[in-house]
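Chemist: Here are the chains, one letter per residue:
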Amino acid sequence: MRYDIVLAGVGGQGILTIARIVSGAAIANGWNVKQAEVHGMSQRGGAVNSHLRLSDEEIHSDLIPKGQADLILAVEPLEALRYEPMLREEGAIVASTNAVANIQSYPAIERVLERLCRRTNHVCLDMENLGRAAGNPLASNMVALGAAAGYLPVPADDLEREIADCFAAKGERVVEANVRGFRFGRAAASAYAEAMLRGIPPSAARGWIETLSPAHLESDEPLDLAGVSSAPEARLSGAEAHAFESVLLDAYHEGRRQLYEHEVYRLIELVGAISPPRHVFVPKGSAVSAESLAGFPGERVVCKLVSPNVVHKSDAGAVVFVSKSLEQVNLEIDRLVSRHADDVQVAGVLVVEFVEHAFQGLGSELFVGIRSTREFGPVVAAGLGGLDTEYLSSKLARDVAVAKAPAMDLDAERFLAMFRQTVAYDVLSGKARGHRRRVSDAELLRCFRAFISIAKWFCVDRGEEGPDIGELEVNPFAFRNDRMVPLDGRGCLRTAARAEPPRPRRQVRCLLAPETLAMVGVSSDPNGFGRLVLRNTLKAGYPVESLTIVKDGLTEIDGVRCVPRVSDLPAGTDLLVIAAPASAVPQIVAEANDKGTVRACIVISGGAGETAGSVPVGEAIREAVRAGREGGEGLVLLGPNCLGVRSAWGRYDTFFIPDDKMPVEPGAPHPVALVSQSGAFVVSRLSGLRHLRPLASFTIGNQADVTVSDLLWTLAERDDLRAVGVYLEGFANWDGLETLRAIARLTETGRTVAFYKGGRSESGRSAASGHTAAIAGDYDVCRTALTEAGALVAEETREFGQLLELATFLGDRRVDGTDLFGLTNAGFEAVAMADAEPSFRALGAELEETLRTVLDAHRLGGLVAPRNPLDVTPMADERAYEALLRAALARPEVHGAIVSCVPLAPRLSTLAEELSDEGSFARFAREWRNETAKPVVFVVDSGSRFDALREAVRTAGVPVFDSADEAARRFGRYLRHRSSTKVRAD
Amino acid sequence: MPSTSTLLLGAEAVAFGALDAGIVGAFSYAGTPATEVFETVQAEGGVWAVWSANEKVAYEEALGVSYTGRRALVSMKHVGLNVAADPFMSSALTGANGGLVLVVADDPGMHSSQNEQDSRFYADFARIPCFEPANQQQCYDMTREAFGFSEAHRIPVMVRLVTRVAHSRANVVRVPPEDRGPGEPNPSRPDPNDWTLVPANARRRYRHLLDIQRDLQDELEASPANRYLASGRRGILSAGIATNYVREALAGRSGDTTLHIGAYPLPVRLIREFVDRCNEILVVEEGFPFIETRLLGLLGVPGKTVRGKLDGSLPMDGELLPEAVFRALGIPLEATPTDPMVAGRPPQFCKGCPHGSSFGALVDATAPYPDALIFGDIGCYALGIMPPYRAIHACVDMGASIGLAHGASRAGAHPVLCTIGDSTFAHSGMPALLDVVHSNANVTVLILDNGTTAMTGAQDSHATGEVLLQMLRGLGVTDLTVFDPLPKHHADSVRLIREAIERPGPSVLVAKRACVRIKLGTRATPLPQSGT
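Listed in order, the protein sequences are those of chains A and B.
Under the working numbering, the residues of the first sequence are numbered 1 to 986, in order.
Under the working numbering, the residues of the second sequence are numbered 1 to 532, in order.
Everything labelled a hint here was simulated from the structure, so no lab data went into it.
Careful, some of the hints might be misleading.
Said to hold, decoys possible - Simulated coverage check for chain A against chain B, where a stretch passes if three residues somewhere in it have a Cβ under 8 angstroms from a Cβ of chain B: (1) 24-34; (2) 58-70; (3) 74-87; (4) 108-121.
These figures come from a predicted structure and were not determined experimentally.
We put the CB at the ideal spot given by N, CA and C, even for glycine.
Given these sequences and hints, build the entire structure.
Modeler: Here is the structure:
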């Protein structure tokens, strides 16, 4: 074994002392050593180095051959970079970040560090600072040695002993400071390495290490990395931040909204994400210099047209591969420019290093992008890269094609977990057959962290701070030595949507249970909408004495007292229902706000912004609300263009549905609430799911003020809710993000949110957009993010109803897993259940035995073999059903059951008139619910003759489905959802 | 003393080899990369080891020891041998009595030198034997062997080092000193006429030198210093340290025929056998193409391809690097190119260095004279060539500044100044100043007296302080000004220099302030008592 080290620094930094100590420890461990040094003139502040070779065999050369060193240990960063050509590909760099800038041409330090940190194996630390912490800034060479100790093939204890020997002559204090420096270096380096493994940017890791106390560094405890900030301000030094901003500003001031490839590289590089290939931008009319071309590795370079009009370069024939001769390259540059100059605006040509990377089949390249969205703020996406990105993404199942998520509440670790579910990860991590691992998780984390940071800080409305980034993406990343190398990048500037200021929660609560209620726009026509609202509210039990109507010229309507004007309303009116025409609303709101008497209002009227003609009215309403908010806690406004609210909490009902078309269902309400943008959607659901009887239903219309998230947050405060159903077509600005937060809160507190998102067709995507919008479209992001937040997202309205029913009626059931037991009297249903859902596991021996006994007891033994799902044949009666179900639910491996009957079997009492029989399913259903905490659903797949059976079982609190396969599919999904959110709720 | 193994620089190993061979004295003038040879002897103590004024003197002192029948070591860098060439060339004729070993350290790549030289040419020139160690152990072994060889053949022997051997450490096994014990004179006494090179004696001695060449060659032909391993038709002939790179590159593969040379005169019979066997020959040596040139003669080797420095397979200049040897052997090494932002970092004046302020004053003092010529000399103050001073117009060899200035002033240049350090002045500046004074030349000499030989690590200076002033007066200098070149005295320093320029005839200024390194406590050891 051989270990070759290049020690580097500036004359006087103590390189030779390091060499002496390592040599001593190595010899003590039986190694052969050779150590070449530099003496003489260079020791006067010049670059000095020492080659230190350790081997268990004879060492021939005193010098390490170029490209063969295992480690560069440098007490100065530029000196580390100077000797990088000595290092082999996988070699490590351990370097101090403390520049000795004793030359005029010292490059920008952050560029030097960035180069060093591109190495997979590197440790860059402020060693002077660590030396100072150890008691002597001159001990920074020992800090460096300590930081490298993990790489050296000699035990750290032996190194410490050598340090003590080496400094013994200088006294105990010097020995102590140097040994401590060594230990601090070791501790800091291992913390640094851990941070790198987690993809934390080097500068953030360093910043965090600087905050550690000596006690921290000396303890053997593993360091807690939770304190590492990933905010770019925390990690962008002043110079980097300035550089970042000036890239954006330069483009902006040129009147350009597209960012060029090299600008994208620069931005991402500045936050520490990538190792761009060597590149140089050659402005139109100039040529590349021999000097600059010589710096490119390899035999070939790539010339790419740089134009604000050409986004998809390879499609436009704007990419050329050229052999690396000055003449050739400049010729191609001229050709490229002249070929395109007539058609598009040409800024110049980007000459890029030709990156040698074998194309290894589909999915061997990666796409990463961010974009600002109106609903969720910035969004990040990653998936299969390359030319086929969009094609592949469209052909693959959505969840495995692209990982995507709103960035604001995201950390890189969470996003990596999502990315792990994708096909791209399977390929890149070598999990897919025939692939080897191309990139480490740490490198992915580093990349994601950078993109997420840029998203959080720059894909948002920054006001006067600077231009906002609309999109930024790299497609594709290739992989070279575990480093992600971008082969193309694009981006654009676009003003991001701004979130509205939050609505005061106290006011929103008034919508749930207003203690005082007023109405305006109640007409004298008894069939008018306003009158309907009034009647329904009175019918819902709202106390007349708390009710006031604003009506000039009348003293009362339907026994409710009237006041002439809004300003005459009693102070502290919780809710004002406005049934007046939209055009009158701004005035009403202004009046209500004027005296500050009204806390919330509902605007039923439409024609307030939904059509082009009514936009001014909509704006006027918003303006009136905004004006009230400015002076203090102005009223909140629900609507316009909605049905308002039906609330059992508040005993009021603004739905203007005639009672005979949708009578209030008898019985106590169930612990479920509905929030819907569409009134019709809600009333359709309520009419169809009569037994659901929600505690409250909200329709939110245009969301001119109160948004879906406001209601969800308010609902999350209620402890009498088990489920919430949401129908939504579009979020208000950034309200998607807030909705996710509210859903996460509801989920954490054990509630289930069923979500149906309407309005999925993508609009506003232009040919000039990048890939991010194409492969992570609005609905995609929404669906994934809702699911991620814990919602059950329904693709169809029927499914929505079923999921909501399950959530409502089974929300109190105990869910320990997803394994189902199926029980039916029809062979086809047993087959259909098993086909629809994989959760019917084979029976365990014990359960099988029990079932056999039960079957025998019911004389079914000869007919039926115990299996799952179990077909009991039409010979089974309700008692057999009951005994079998009880036996199954008693087993811990059974987490839920589907009971299905073909009610036509003669032995069953399933007709309306038989339901009161002793042994009917209706009675059993009540018993199951009481006897067991496990969830059970019921299936009746027969005609309307058996509606009474369905109704009776539902009344017992058991969800009923119309077909066995659908029941299996939905129930399976619900249980999986409950299992996965259980952890969070716990 | 039992055998011991220690991590030693090549230069240190040479010193221990000499000590274990029983030298009574070591002689040297400091010069990288040879300095540590002498310093090690000095640090070990027990023998005479005081820095000499220059290499010529050092060589003569060592030769004097040898004439008494005792062993002496003289060490110097390659350009030092130019200074010592006179006694060196003639000592080949007088021969040695006690073992006399000259260690010369060449500096290929000019890490710390003003030229590249290959001292094997000197050995060949003087017709004396030369050993060329390839590693630190050989430094020790060959130095010891050289003393015996010197005495056996009554001839000075050269040990040729290069920077990379001298300044690289490896484990070296020392063996107990020779039985004859240190300090005991060579029992046989040659005819003193041999040492008196009047023409009659010199002719006889030169004939003798020519006559023993065959013996030297025969003996070294069989020396283990040369190693021949016959194998395939590709042959690799390498010498000294170059063999290490060959072995590194071949990494144990044995398909090639190899011949390693470690001792000169060249083993002609071995080389013939080697050449006969091989079709294609690569000659790898550190320094000049010494062997390659001899192998090819004027007309080459018919029927064989010989590659090396002359055909460009290996670089002619610079230090031989392993990657160059790898490439010549057809083994490419992958390496990333140096990042273009890596700027060079040349050495510079230490913080608070008195030379810095001296040059500051010099630059300001000569500012009114656009034609002023300033001749520099060898030492840290050669850095006066760097920005911001850019104050030196020439820097050639030790002590040259005064002679160059004198010459220029004779050609009519004015004003003409020169800067020289105290140690360099003692080394070879004095005769030149004597000339200046003697001929009353209009030259301003600025002696930068920092009290030490700073650049090589603060060795003793023979001409510093009061001694220097006395020497100057003794040389006949009457226009003598001493000042302290502290930055706070800048205006005074400028005025003094300008006044000296304006005064006709030779003016000598002494800028007197100790090297900051001495202040830091790295003063050289005090003089020992007489060694024998």
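Chemist: If a hint holds in the structure, say so; if it does not, say that too.
Modeler: Outcome of the hint check:
1. 24-34: holds (count 5)
2. 58-70: holds (count 10)
3. 74-87: With 8 residues closer than 8 angstroms to chain B, the segment 74-87 of chain A meets the three-residue bar; holds.
4. 108-121: holds (count 3)
Violated hints are absent here; each numbered hint is respected by the structure.
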